[in-house]
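Listed below are the residues making up each chain.
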Amino acid sequence: MPRFRSRPPVPPGLLDRHLEFLAALRKAGLSVSLAEGLDAVAGLGRVGWGERETVRAVYAATLVKRHDHRTTFDTVFDLWFPALVGDGVGDEGLDHPDHLDHGPDRIDLDQQALHRRRQDGPEALAEYQSRLEAALAAADDPELGRLAVEGTARFGAMPGRGEGMSSWSAHQAMNRIRPGELADRIAAALVAAGEDTERAETLTASRIADFTRRVEDDARRRIAEQKGPEHVADVTVRPSIDRLDFLAARRTDLDEMRRLLYPLSRRLATRLAQEQHARRRGPLDFRRTVRASLSTGGVPLTTHHRPRRPHRTELVVLCDVSGSVAHFASFTLLLVHALREQFSKVRAFTFIDHVHEVTDHFRPGRDIVETMEELSASTAHAALWGRTNYGRAFTKFAELHADALGPRTSLLILGDARSNWSDLGLDALTTIKAQTRHAWWLNPEARRNWDTGDSAATAYGEVVPMVECRNLTQLTDFVHDIV
Amino acid sequence: MTWFSSPTDATRRLADVGYLTDDATATIGYLAGALGKPLLIEGPAGVGKTELAKAVTAACGADLVRLQCYEGLDEARALYEWNYKKQLLRIQAAASDDSTDIGNVWDDEIFTEEFLLTRPLLTAIRRTEPTVLLVDEVDKTDVEFEGLLLEILSDFQVTIPELGTIAAAARPFVVLTSNATRELSEALKRRCLYLHLDYPEADREREIITSKVPDLDQRLATQLVDVVARLRELELKKAPSIAESIDWARTLIALEIRDLDNDAITSTLGAVLKHASDAERAIRELRLRTR
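Residue numbers (our numbering), protein chains in the order written: chain A, 8 to 490; chain Z, 314 to 604.
Do not rely on the hints blindly, as some may be mistaken.
Stated by the list, open to error - Quick list of simulated restraints, FRET-style, between CB atoms:
(1) A:Leu45 with Z:Glu464: 15 to 23 Å
(2) A:Asp367 with Z:Ser580: 39 to 47 Å
(3) Z:Glu598 with A:Gly52: 47 to 55 Å
(4) A:Thr465 with Z:Arg379: 54 to 62 Å
(5) A:Leu433 with Z:Arg543: 52 to 60 Å
Worth flagging that the hints you see were computed from the coordinates, not collected in a lab.
Note that beta-carbon positions come from the ideal geometry of N, C-alpha and C, so glycine has one too.
Produce the entire structure from the sequences given, and follow the hints as far as they go.
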């Protein structure tokens, strides 16, 4: 069981810790009911609090009922039930720069500075790096865990002026340790161990990333220990990937989103098919009903119905692929394309200040990654000068691709409606809209940012209804609704 | 009925019947038995969700009652149904026999056990022997059907209007599996313990493969697990799961391949990857094509 250092705001005690933990989960967006909390306590009563991973498993099984909440859960769990406190046991040799037990005073700070120099000199760093290199090359899991803790303590400490004011920075620790510099040597060691060059490089990169994550976790744990987990949870717990804003996504998030996209579209397609089946009962099929009634002596016990003719729309997608919203556009395109059997025809166009048709890049059974790469490569065709100009794009679209529109077409425009103060081309858009059956505008910006700066959201919104679409959940909901 | 006495006991007994678990799975499996709560298992296809239910059955010497879910599954096929043909015959027989009063037949005789056809859910509830109830692919059912499950999962009882409420004689060990093609309702999830089964770690996967395919030698098993792990890192439409690894191991045995080199992988890739674009991608990324 983790040992908790008593802090004034949080009284010690398992029940309080448990309740706080539940409250934190709720705050992070997980719906944890009272009954589930009781289940967790009942479960923990059976298996005991002896093993941290068992406690985690029990909490996860009773409280987290959606797998995409698991990452959030793990972050919160690590904050409320840290693996160790301070430097833990076994690191006695390592003097802590910031003794919480002793009252801090100025003389102490000087001594600490001296102390730190000894702990944290170039030699110590070199010695640490060599141990890290060995551990990374051997993928020695427990040793890496210890090194992460030690690394944060030694190189990531930012001593403050008083108790509770010192802090830890993973960023600083990683800047000092510089595992990137070790990469070549680790890769070489792996090659010597029989891996091929490219594989060795991927392995090295993933191990270093993993180590970085551990150091970040450890820094977070230490800060939480001092300032209280609530404080850290507010800052560090990120929304789950399907609720993450497209515009706020980092590189790794985008990769994860892309990985989610295919299963997501499959799920959506299944749901749509099911809903269509449920609505399949059309008008009464009289002939079949009478025929079936013969076996029950002429009493029509079961009625038979004609299947309803499914209604399928033609979809034209027109997306802004300029830097800021390019990812949003490609996600939407891929999702729409994955659902192409729900539409009779899908045509896709991209624009920045010129329009370019990209329908050909989507072929059934194509690899998602390849399609995305081709899409970004073709961006150049959509630009003449490279500055977003909605007005020009709409005018060109009406001129060149008017054949794409018809009375059965639904038009989907994707973009942030930021046209660099140029002509908005409202007339062209009105003409385009008049030729279609439905039209929607998806805006990846939060509604509160509409009409700020060069955004012409309201002006465009008056012509074409504008919908806020910031994350994968909103996107799937929207696509589901239009189908 | 105690199912497992502790998580370690669960690990050991499941391993005895050939199902190798990790600690989390064993703990949750133990809890599901100890707390008498249903166990909802989600995860990609082929990681052993249904197998877990079968393994619990075998490990505890219980019997398995299985309800395979599908779209349009209803009460009559999941819970119970009145044998109306037999009821009709009984009424007709009574009508031709003047001595009995038809009113009595209607009430007392035709809505009895004799005319009740029990379906899997009711069967599982009424059994007195240890029972594992497997509700397979629960996400395939309609939302209305979930409502039906709620009474059974929380109170282990079934209400039949004509007979009254039938409570479980002994609590069955309930396992629900789902491929997460649709989001299950909060009400259903709240009543269950949740377990997400994922692809196993390399060591455990190797153990599983060697226990299922004993002829496979250790070196080949290690190679195979390594390649499968690398395939899972790629962005594929369907990443290979344990079932596919085992199939692949069997394929290698059947073809008497002793060493998993690039040619061998390329020629047998069809056993693990089921999409043409996935196979192409794997060949390109793993540089399998011999130059």
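Do Asp367 (chain A) and Ser580 (chain Z) keep their Cβ atoms within the hinted range of 39 to 47 Å? Hint violated: Cβ distance 33 Å, outside 39 to 47 Å.
Kindly confirm whether 54 to 62 Å is satisfied by the beta carbon distance between Thr465 (chain A) and Arg379 (chain Z). holds, 58 Å
Cβ-Cβ distance between Leu433 (chain A) and Arg543 (chain Z): within 52 to 60 Å? holds, 53 Å
In this structure, is the beta-carbon distance linking Glu598 (chain Z) and Gly52 (chain A) contained in 47 to 55 Å? About 48 Å separates the Cβ atoms of Glu598 (chain Z) and Gly52 (chain A), which means 47 to 55 Å holds.
Supplied distance hint 15 to 23 Å, evaluated on CB atoms of Leu45 (chain A) and Glu464 (chain Z): holds, 20 Å
Hint check: a violation occurs at hint 2 only; the rest are consistent with the structure.
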